[in-house]
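J.: The residues making up each chain are set out below.
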Amino acid sequence: MVGLGFQFDLFVRILPELLRGASITIQLTAFSVAIGTLIGLFMGMARISRYKIFHIPSTLYVEVIRGTPLLVQIMIVYYGLPSLGLNLNQFTSGILALSINSGAYIAEIFKAGIKSIKKGQTEASMSLGLNYMQTMRYVILPQATRNILPALGNEFIALLKDSSLVSVIAISELLRRGMIVYSRTYDAWTPLLGVGLIYLCITIPLSRAVNYIEKRWEIHD
Amino acid sequence: MIKNNLVKRQKSKKLENTSNGNVMIKMTHVKKSFGDLVVLKDINLEIKKGEVLVVLGPSGSGKSTLIRCINRLEKIDEGEIILEGTNIYSQDMDIHKLRTKVGMVFQQFNLFPHMRVIDNVTLSPIKVKKVSIDTAKQEAMELLKKVGLGDKYNSYPHELSGGQQQRVAIARALAMNPDVMLFDEVTSALDPELVKGVLETMKELAKMGMTMIVVTHEMGFAKEVADRVIFMDEGYIVEENEPKELFENPQNPRTQAFISKIL
Ligand SMILES: Nc1ncnc2c1ncn2[C@@H]1O[C@H](COP(=O)(O)OP(=O)(O)OP(=O)(O)O)[C@@H](O)[C@H]1O
Ligand SMILES: [Mg+2]
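Here the protein sequences line up with chains V and S, keeping their order.
The letter at position 67 of the first sequence is residue 67 when you use full-length UniProt numbering, and the numbering goes up by one with no holes.
The letter at position 151 of the second sequence is residue 151 when you use full-length UniProt numbering, and the numbering goes up by one with no holes.
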């Protein structure tokens with residue numbers, strides 16, 4: 001039955017299926033942001049290094065990733081890597097592409113976060129005999145991380161939405177589940193609106209939480 | 001007054017004992033530039049163990065740069081800096097060890113805002129000197145008591161006044177058990193009523209025989225505590241003398257002009 005309006009009963013029927021997709025979406029995002037944060041931490045530190053062997057490759061990485069579409073990156077990982085003899089399943093490919101992508105954005109977040117800490121902190125730490133890594137670990141990063149937590153939260157939200165792109169490599173995340181329902185029922189309206197609705201149910205509370213953290217910390221500084 | 005005279009007497013005795021060759025720091029022909037700007041032009045300076053040296057000079061004359069070279073926060077271009085007999089640029093000088101011998105206190109305190117007072121003070125002993133946590137904490141508490149903040153060990157820096165923060169910063173530097181302390185205009189950022197407490201702490205330190213290099217415009221402190229004052233201008237030490245002489249009877253016209261301005 002082809003409906004033009006939103007069919008609530010259909011929505012209720014497909015909801016479990018969509019929620020399973022949402023669960024995949026959240027997993028994809030969580031893994032990717034976690035890996036992306038690790039990549040971003042090291043790349044961000046490399047970005048501000050005065051040593052060329054760190055600075056140049058990290059800058060190249062950030063420029064290339066931010067200068068090309070995520071969709072292209074996903075396709076390169078999934079369709080391109082096998083020609084190099086590297087066969088990854090869809091889920092792994094998706095996580096790899098999303099991690100590498102978010103890593104570049106998170107690198108810039110870390111870079112800005114580290115730079116936001118006053119020079120006096122590094123100097124005080126150095127004057128106490130701490131070496132570069134100790135200074136980073138005990139003095140700079142704890143402060144920087146706190147400053148960038150809202151930005152990391154926003155990156156999580158952005159990646160959660162962007163992860164819908166991996167539907168093109170047939171990962172049954174939220175959008176793809178909606179599309180499957182569409183092809184089965186010939187009703188595009190209900191499943192796709194439902195998909196949008198579920199995205200909103202995740203992103204709105206998240207961005208509220210980010211705002212809350214931001215506000216609370218403003219008061220404390 | 002009586003107390004002050006006592007300080008003086010003890011100090012001069014101490015200096016006599018150490019006058020023959022007991023050198024803490026020796027700088028010879030030190031030069032330092034930032035790009036085209038030559039900041040230290042030819043610095044020759046010797047500081048004895050237990051000596052308190054006050055560094056005076058107009059803004060931009062190179063006072064901060066001079067003391068920052070001593071713990072290698074700045075790298076010199078030419079010349080030599082010998083700390084307790086070792087060239088600080090020699091191969092076998094471990095820079096992190098060097099820095100634990102040289103305590104530094106900054107104008108802006110630079111406490112670590114995310115750490116409690118006690119953790120600020122124990123960071124270097126634990127991480128650099130590998131002292132056990134218990135010992136480090138015990139020693140830190142002693143130091144905090146000494147600077148009058150025994151009850152603030154559990155506070156965060158932002159919960160303290162500027163003067164208290166600066167005294168924590170002094171305790172933090174002392175926790176490394178340094179041989180020299182460098183002070184870079186440590187009271188300039190403080191409200192006038194908070195200056196006294198910090199100066200008192202520094203006087204105590206001088207009394208205990210700490211070798212100190214103090215960049216300050218606090219004439220009272222210089223007169224009372226310093227063994228020697230140097231006046232810097234445009235990258236040179238243009239005059240040096242005992243505080244009383246230098247303040248009351250400056251020889252160099254630039255020193256004269258500067259002294260008349262700040263008195
Ligand atoms: N990292 C740096 N890069 C470039 N120039 C610098 C740097 N640090 C200091 N300078 C310059 O070197 C000169 C001496 O600076 P320094 O901080 O040693 O002066 P100062 O005597 O401590 O002055 P003040 O009383 O204002 O603290 C100044 O002209 C300053 O602008
Ligand atoms: Mg200065």
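No lab work stands behind these hints: they were computed from the structure.
Being a predicted model, the structure only gives us computed values, none of them experimental.
Be a bit skeptical, because a hint or two may be false.
Lysine-lysine pairs mimicking DSSO-like chemistry, simulated, CA-CA at most 30 Å apart [unchecked claim]: (1) Lys119/V with Lys41/S; (2) Lys119/V with Lys244/S; (3) Lys115/V with Lys101/S.
Ranges between beta-carbon positions, derived for each pair [unchecked claim]: (4) Phe42/V with His96/S: 37 to 47 Å; (5) Gly148/S with His55/V: 43 to 53 Å; (6) Pro192/S with Ala112/V: 34 to 44 Å; (7) His96/S with Ala112/V: 23 to 33 Å; (8) Asn211/V with Tyr89/S: 50 to 60 Å; (9) Thr145/V with Asp191/S: 42 to 52 Å; (10) Lys97/S with Tyr51/V: 21 to 31 Å.
Every residue gets a Cβ at the ideal spot worked out from N, C-alpha and C, and that includes glycine.
J.: Next step is simple, just say for each hint if it's right about the structure.
T.: Evaluation of the provided hints:
1. Lys119/V with Lys41/S: 26 Å, holds
2. Lys119/V with Lys244/S: Violated: Lys119/V and Lys244/S sit about 37 Å apart, past 30 Å.
3. Lys115/V with Lys101/S: Satisfied, since the Cα-Cα distance of roughly 29 Å is no more than 30 Å.
4. Phe42/V with His96/S: 37 to 47 Å: Check failed, 23 Å falls outside 37 to 47 Å.
5. Gly148/S with His55/V: 43 to 53 Å: Check passed, 46 Å falls within 43 to 53 Å.
6. Pro192/S with Ala112/V: 34 to 44 Å: 37 Å, holds
7. His96/S with Ala112/V: 23 to 33 Å: About 28 Å separates the Cβ atoms of His96/S and Ala112/V, which means 23 to 33 Å holds.
8. Asn211/V with Tyr89/S: 50 to 60 Å: 51 Å, holds
9. Thr145/V with Asp191/S: 42 to 52 Å: 32 Å, violated
10. Lys97/S with Tyr51/V: 21 to 31 Å: The hinted range 21 to 31 Å holds for Lys97/S and Tyr51/V, with Cβ atoms some 23 Å apart.
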